[in-house]
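Colleague: Can you build the whole structure from these sequences, using the hints too?
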Amino acid sequence: MQAVVDALQGIVNKDEQIVAVLNQTAQAAQNTAVTLQNTSRDDRNLTSDRLAEARNQQLNVQERERRAMARQLTLEDDLDAAQQARQWRDWTILGLGLACVGLLVWGRRRR
Numbered sequence: 000m001q002a003v004v005d006a007l008q009g010i011v012n013k014d015e016q017i018v019a020v021l022n023q024t025a026q027a028a029q030n031t032a033v034t035l036q037n038t039s040r041d042d043r044n045l046t047s048d049r050l051a052e053a054r055n056q057q058l059n060v061q062e063r064e065r066r067a068m069a070r071q072l073t074l075e076d077d078l079d080a081a082q083q084a085r086q087w088r089d090w091t092i093l094g095l096g097l098a099c100v101g102l103l104v105w106g107r108r109r110r
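Residue numbering for the sequence shown follows numbering that gives the first Met the number 0, starting at 0 and increasing by one per position.
Rather than coming from a laboratory, the hints here were simulated on the basis of the structure. Mixed in with the good hints, there may be bad ones.
Claimed, not checked - Using 20 Å as the maximum straight-line C-alpha spacing, the simulated SDA-like pairs for lysine to any residue come out as follows:
#	residue 1	residue 2
1	K13	V3
2	K13	Q23
3	K13	N30
4	K13	A2
Said to hold, decoys possible - Okay, the calculated beta carbon distance ranges per label pair:
#	residue 1	residue 2	range
5	N44	A6	34 to 42 Å
6	A32	D5	35 to 43 Å
7	E15	R40	33 to 41 Å
8	A32	G9	52 to 60 Å
9	D48	L78	27 to 35 Å
10	E15	Q36	25 to 33 Å
11	R110	Q82	25 to 33 Å
All C-beta atoms in this analysis are idealised placements derived from N, C-alpha and C, irrespective of residue type, glycine included.
Modeller: What follows is the structure, encoded as structure tokens:
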């Protein structure tokens, strides 16, 4: 009978060892799951941050392009105004030159 009790005690001890290993495995699996969840959350946050940063950079580039286009239009308008002013000045100089020549011719004829 003692042999049966010892055998059963051995089985119980072995079962306790198996249960302990299973508990350790379950705890390790739980720890791994928690680690994976944390890593996944961190990755999502990092991806979200990077996406937001990329969007902000895109908006900044668009704003710089808009400002550059506005500056280019302003410069084109300034160039047109300067060319018109130069043309008016050239016509004025031509007119005054012709008036001077006319006065010179008139003055010589009068003598």
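Colleague: Which hint numbers doesn't this structure obey?
Modeller: Hints 3, 5, 8, 9, 11 are the ones this structure does not satisfy, whereas the remaining hints hold.
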